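Visitor: Could you slot chain B onto chain A? The hints should help.
If you're matching them up, the sequences are chains A and B in order. Start counting at 1 in the first sequence, then tack on 17, and there's your number in the working numbering. Start counting at 1 in the second sequence, then tack on 17, and there's your number in the working numbering.
If you are wondering where the hints come from, they were derived from the structure by calculation, not from laboratory data. Quick caveat, the model's predicted, so the values are computed rather than measured. Any given hint might turn out to be false.
Copies of the same chain are indistinguishable here, so a pair counts whether it falls within one copy or spans any two.
[Said to hold, decoys possible] The calculated lysine-lysine pairs, modelled on DSS-like cross-linking and capped at a C-alpha distance of 30 Å, are:
1. K39 x K123
2. K39 x K122
3. K123 x K341
4. K158 x K46
Below, each chain spelled out in residue letters.
There are 2 protein chains.
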Amino acid sequence: MKNKNITLDEGGGGFKSAEIVKDIRRILKFTGQWKNCGDDAALFNLGSGQKLVFTTDAFIVDPLFFAGGDIGKIAMCGTINDLVVMGAKPIGISLSIVMEEGFPKKDFEEILKSINKISLQTKVPIVTGDTKVTEKGKIDKIEITTAGVGLVKNDGVIKNNGIKNGDYIVASGDLGEHAITLLAKRFNYQTKIKSDCRPLIEELKKTRKYLNACKDPTRGGLAANLVEMAEKSGVKIILDEKTLPYKKETKAVAELLGIDIFSLASEGRFIASVSPKNVDKVLKILQKFNEEAKIIGRAQKNKKENGVYLKTELGSLRKIEMPKGKLIPRIC
Amino acid sequence: MKNKNITLDEGGGGFKSAEIVKDIRRILKFTGQWKNCGDDAALFNLGSGQKLVFTTDAFIVDPLFFAGGDIGKIAMCGTINDLVVMGAKPIGISLSIVMEEGFPKKDFEEILKSINKISLQTKVPIVTGDTKVTEKGKIDKIEITTAGVGLVKNDGVIKNNGIKNGDYIVASGDLGEHAITLLAKRFNYQTKIKSDCRPLIEELKKTRKYLNACKDPTRGGLAANLVEMAEKSGVKIILDEKTLPYKKETKAVAELLGIDIFSLASEGRFIASVSPKNVDKVLKILQKFNEEAKIIGRAQKNKKENGVYLKTELGSLRKIEMPKGKLIPRIC
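Pulled out of the complex, with its shape left as it was, chain A reads as follows:
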């Protein structure tokens, strides 16, 4: 660990975040019989052709409530989505809550109701939990940590490093609206954009057998997540500037706030790589859920150049870098 103290960018989802995870793993080396401990969720072989899938996320969100969701909905969707992008069926969620003394019960109830709504909608129950209350000022309002368990058949696992030569890169919808919604609320900027936060359970149930690799572009957006997938898969991905998965208003607000659009987080979208023979089937299914689902790029095996490149409208290639520092004000 190079610096003396923890810095904000080490929790931002970019390059520094990846470094601190490596630092943690340098100490916590032992992973026993588990596989994929660096993926969205870890895998444990239960025998009889089935694997247990296990993941966790901590949520400190400001503001707690926003257009299209709240901290409870994000916590549920974030954990469910980490399971389903691995190809798993989520079976249960744990819910740990730390609140400061004086937190309004009305807000607490609203958060619980929002959690319950996603639980009922996805049929994924909250099965165990913990609630702690700290003295005033020892936590900012409320922090929620969810962990999730799921099951997947051995041959149904989708990894984030499975992109093959010639695969199309598909986005399940326009990206970055979650980030823009929270940022706009922070900066009191009026916009019609709503968070994209939602559980990806149905669309993945129907498409997962066709996906070679999959990930949800949360913290760090495409810049962190597609770059990670490309590097792990050993491919060069070329995105076309003409088909970027961002709404006009998302682009406009990002520009106004001086934020790199590729680093904007979504909480209800996935990106996947699909073989040419399956890509039409996948798009047809995804467009029933979201008409903006589309092909955003293509992958090629490339020993020298791994990563994500943007082909601009002028025809030049620009490399998309993993976010280096503190991304933006924390929004997930």
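Guide: Just chain B, lined up with the frame of chain A:
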């Protein structure tokens, strides 16, 4: 929810804590196919004679480091112990960390090393995680949430409501030393007492088949945990003042600080109910781990009076009540 705002005693592990858990469950009713969602860990039938066991705990501890442990050790032991008191073999832990900007890396490394030590000692790996950094002052130093998964054979499950008529109540060692250690450090009181924090994996592996009910007396101590077991089992438990499982020094410090000894938390002890025919075997095994392991009381079926009673040296019976309010300064 009766009050307008969350109060400290609602996170203290006593009566008010039990009430807020009920409030949460009034909203989050759906538990799907899971069983025992109100126990230390929840159970999911995997088929082929095996159940998945799932639990979580959030840890805000002050001080972070103390005689016999630190926040990392407590987080590991707390989650492992919640699995083993159900009769399960822990298979993996998730680790979520929220830190404030500026948290010393030296302390962070020390906490990780402590987590690693327990992980290697128990052979329970950390398999998935999340790390978030908040702006300074949005969290008090560091918060750790662990979730754990384990496996148990269908006939190996130990519940906290299984106390039978005539069972002996056994403590795996003297209680309350964890609480006293942290309180003494807070109040700058010099004591030789060390936290009892430890994983209970080995002693439970050897005794679990003989236990009718089991629980680790963490938050709220015997007053919260043995009372809960007695009420759920429908029994009256009589503890003998002459064989109370507290060291002299623990009693002295508790008295000095004006704290009810029965509410003192342990982080490395369990209490169990054992049939008369098995109690000698269980004690013999437990005393190899801790020579203070002993019988502390006996249970009788009693339709009218459920709960825990103390038989004083003068022969009178005093009911031990579940802690009503904020227990003491938060120490776990």
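Visitor: Now tell me, hint by hint, if it's right for this structure.
Guide: Verification of the supplied hints:
1. For a Cα distance limit of 30 Å, the shortest separation of K39 from K123 across copies, 16 Å, qualifies, whereas the shortest one inside one copy, 40 Å, does not.
2. For the identical chains of this complex, K39 and K122 are inter-copy neighbours only, at 14 Å across copies versus 39 Å inside a copy, given an alpha-carbon limit of 30 Å.
3. Taking CA atoms no more than 30 Å apart as the test, K123 paired with K341 passes between copies only; the shortest distance there is 23 Å, against 39 Å inside one copy.
4. Taking the shortest Cα distances, K158 and K46 sit within 30 Å of each other only across copies (25 Å), while inside one copy they are farther apart (34 Å).
Consistency with the previously given hints is maintained throughout, with no hint failing.
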